[in-house]
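**Student:** Spelled out, the chains give:
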Amino acid sequence: MGAAVLVAAAAWLSLLVGTQPITPADLVAALADPAAGSSAVVLHLRLPRTAAGLLAGAGLGLAGAVAQGLTRNPLAGPEVLGVNGGAAFAAVVAISLVGVGPLGGYVWFCFAGAVLALAAVLAIATTGRGGATPVKIAMAGAAVSALLFSLTSAIVLRNHDLFERFRFWLVGSLTRADLPTVLQATPFLAAGAVLALALARPLDAAALGDDTARSIGARPAVVRGLAVVAIVVLAGTATAVAGPVGFVGLVVPHAARMLTGPAHVRVLPLSALLGALVLLMADVAGRVVLRPEEVQVGVTAAVLGAPVFLYLVRRRRVAWP
Amino acid sequence: MLRFAVPRIVPTLAAAALLAACGGPPSAVVPGGSGTTARNCGIDVTVPGPPQRIYAAYQPAIEMVHALGVSDRVVGTAYLDAQVLPEYAAAQAATDYLPELPSREALLAANPDFVVSGFNDLFATAGSESLGTRASLRDLGVQSWIFSPLCPSADGMADEAIDPASVTIENVYSDVRDLGRLFGVEDRAARVVADMQARIAAVQQRVAGASRPRVAVVRPQDDGTFRVAGGPDFVTRILDIAGADNAFADLQGRRNFPVGPEEIVARDPDVILTSTCCDGSYTLSDAEPDAERIRTNPAFAGLSAVREGHVYGFLFADRAAGVRVPHAAELVASLVHPDRR
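In the order they appear, the protein sequences are chains A and B.
Using my numbering, read the first sequence as starting at 1 and increasing by one per residue.
Using my numbering, read the second sequence as starting at 322 and increasing by one per residue.
Among these hints, one or two may not hold up.
[What the hints assert, rightly or not] Over 10 Å on every C-beta distance to chain B, these chain A residues come out as not near it, computed from the model:
id, residue
1, G18
2, Q20
3, D33
4, H44
5, L45
6, L97
7, T126
8, A177
9, A263
[Said to hold, decoys possible] For each label pair, taking beta carbons as the anchor points, the in silico distance ranges come out as:
id, chain 1, residue 1, chain 2, residue 2, range
10, A, A191, B, P659, 37 to 47 Å
11, B, R425, A, L147, 24 to 34 Å
12, A, V308, B, S474, 37 to 47 Å
13, B, E613, A, A8, 29 to 39 Å
14, B, E426, A, T23, 51 to 61 Å
15, B, S474, A, A306, 27 to 37 Å
16, A, A8, B, Q525, 50 to 60 Å
17, B, R374, A, M139, 44 to 54 Å
18, A, L290, B, Q525, 43 to 53 Å
19, B, G630, A, M139, 54 to 64 Å
Calculated from the structure, these hints are not laboratory results.
No residue lacks a Cβ here, since even glycine has one placed at the ideal position from N, Cα and C.
All chains, full assembly: derive it from the sequences and hints.
**Tutor:** Structural data, given as structure tokens:
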């Protein structure tokens, strides 16, 4: 409950903080009356940005928690599994080759890229002896992610102009999403979240290992398939909305487990809340630190996330349950 | 893209290149037995005789060599932001042209003896576009020139090291004169400067006494943010000539700044110009989609410039220091002072 209150507070802050000072009274006036003075900033900039942060943050947090539960790997996360990288790469390819319109079209390319990247990671990890062990998944994911980000950079950095336009796909940001994008993304995210939450108990069982899971009636292959779908939908949507944002999906589930213990029934919703909280706060920080310039949320999330992760490592809390 | 590191360097001018710096006045050109020297961005540029293999990188440099009438000595041109001015179209069509900047190897393969760059990042050590510092090119017998309003404080630096005091139209004139002398075409250079001065004076006269609108020069980005031209960008001078002020002139230290849409809403400029770039085929009409993106951005619906229809397509090429300045100033004046045509 405390986390939900904090998320609400962060969303409130995200609506108020920015170049133009918006008071709570302005905010209420703008929401009540679209013709009010500050309503353009509130309705078309702060609101979509805040909604994008909530959606993308929750999606990344959930995707990370499912990914870590699925692979039984404390280093798993959407970015480590290549999902963000695949989504961003597909979007850049689509824009530079096909020239997809500014909205809508991206989401499908992001999904396709995420699916292909994750499929490649799992296929590579499954080859050889011992099947898809957590270590092999992490290594395959790191290799595929590095490859995809190199290819994305190769396309984006090809000249000044492309870089100016597409750097969003190298470093995530919440400024691109407008309300239609956010509204389009919401059903995907809701579906992914429902699926992820439904997998809470099977993921607990999977944590015991395939044999034990089978002995208590779970079906590991089905669980794995559904979990992959959930990760792709959640992280793919988050990337379509906010570009590739690292660290949130990796760090947030650890914080959630630290707070509630390993049971996924509690870890999953808390990861969604903490993900939204971290992304919103990172975005607010990015608006303030270098005024009047803005720092993309992908940068601030990494700057804030890395020390937290190191702290968790030092506290040895990343040891798998 | 694969790039082969095959050295094909013929240092023809090594001796001249090794001349020590002699502390004359900033733009002194010293003709004599040892060649001609002009000082550019704190570096003495010495040629034994007029360069015969000139490489021009970026729009301002390309238009400069055509304006000086040395097109037949140009061994390569690279990276146009838009179509060259009509009077240079024929000369430009006859050059070897690369839409991207060359690699260092590709540049040296053209065996130039002089490289003119319209922007400073060409020689910046930190830049992804760098061809190496000017000193490293001089060691290979290749002299170089950066347009003076973009002079970094030291070789290898870029936009972050521009002295705002150097961003003047006078420095454009002295570039034309200095390059004219180095290239052995002083008379032509003097005519170019006189023509520029006359056209710029005419624009200044046209807009004299008019109220000065605040103009934002912005480039929409894919992530919903904007890159705006700050104080040290030469467009500030062009706006000044055309009787307007840069709404972001207070942003110092670089030429371009990433800002969110809220910053533009907060400053509420009277006029918004886009900064459409970079293709050698672009004309003003190619800037229209960028302008339309700004006009239709719901967050900007309340902006004065949007409400009053003062959002115009504009080319990045018309922001730069160079022989294009009179054209750019005439264009801006006709946009911001339509009553003074």
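**Student:** Hint by hint, say whether it matches the structure.
**Tutor:** Okay, the hints, checked on the actual structure:
1. G18: Check fails; 5 Å does not lie beyond 10 Å.
2. Q20: Check fails; 5 Å does not lie beyond 10 Å.
3. D33: holds (14 Å)
4. H44: violated (4 Å)
5. L45: It is violated; L45/A is separated from chain B by about 5 Å at its closest Cβ, not greater than 10 Å.
6. L97: Check passes; 15 Å lies beyond 10 Å.
7. T126: About 33 Å separates T126/A from the closest Cβ of chain B, which puts it past 10 Å; holds.
8. A177: With a cut-off of 10 Å, A177/A comes too close to chain B, as the shortest Cβ separation is near 7 Å.
9. A263: Holds, because the least Cβ-Cβ distance between A263/A and chain B comes to about 38 Å, which exceeds 10 Å.
10. A191/A x P659/B: 37 to 47 Å: violated (53 Å)
11. R425/B x L147/A: 24 to 34 Å: At 27 Å between Cβs, range holds.
12. V308/A x S474/B: 37 to 47 Å: holds (39 Å)
13. E613/B x A8/A: 29 to 39 Å: Cβ of E613/B to Cβ of A8/A: about 38 Å, so the range 29 to 39 Å holds.
14. E426/B x T23/A: 51 to 61 Å: holds (59 Å)
15. S474/B x A306/A: 27 to 37 Å: holds (34 Å)
16. A8/A x Q525/B: 50 to 60 Å: At 57 Å between Cβs, range holds.
17. R374/B x M139/A: 44 to 54 Å: The hint (44 to 54 Å, Cβ to Cβ) holds, given that R374/B and M139/A are roughly 52 Å apart.
18. L290/A x Q525/B: 43 to 53 Å: violated (37 Å)
19. G630/B x M139/A: 54 to 64 Å: holds (58 Å)
Going down the numbered hints, you'll see the structure goes against 1, 2, 4, 5, 8, 10, 18, while the others check out.
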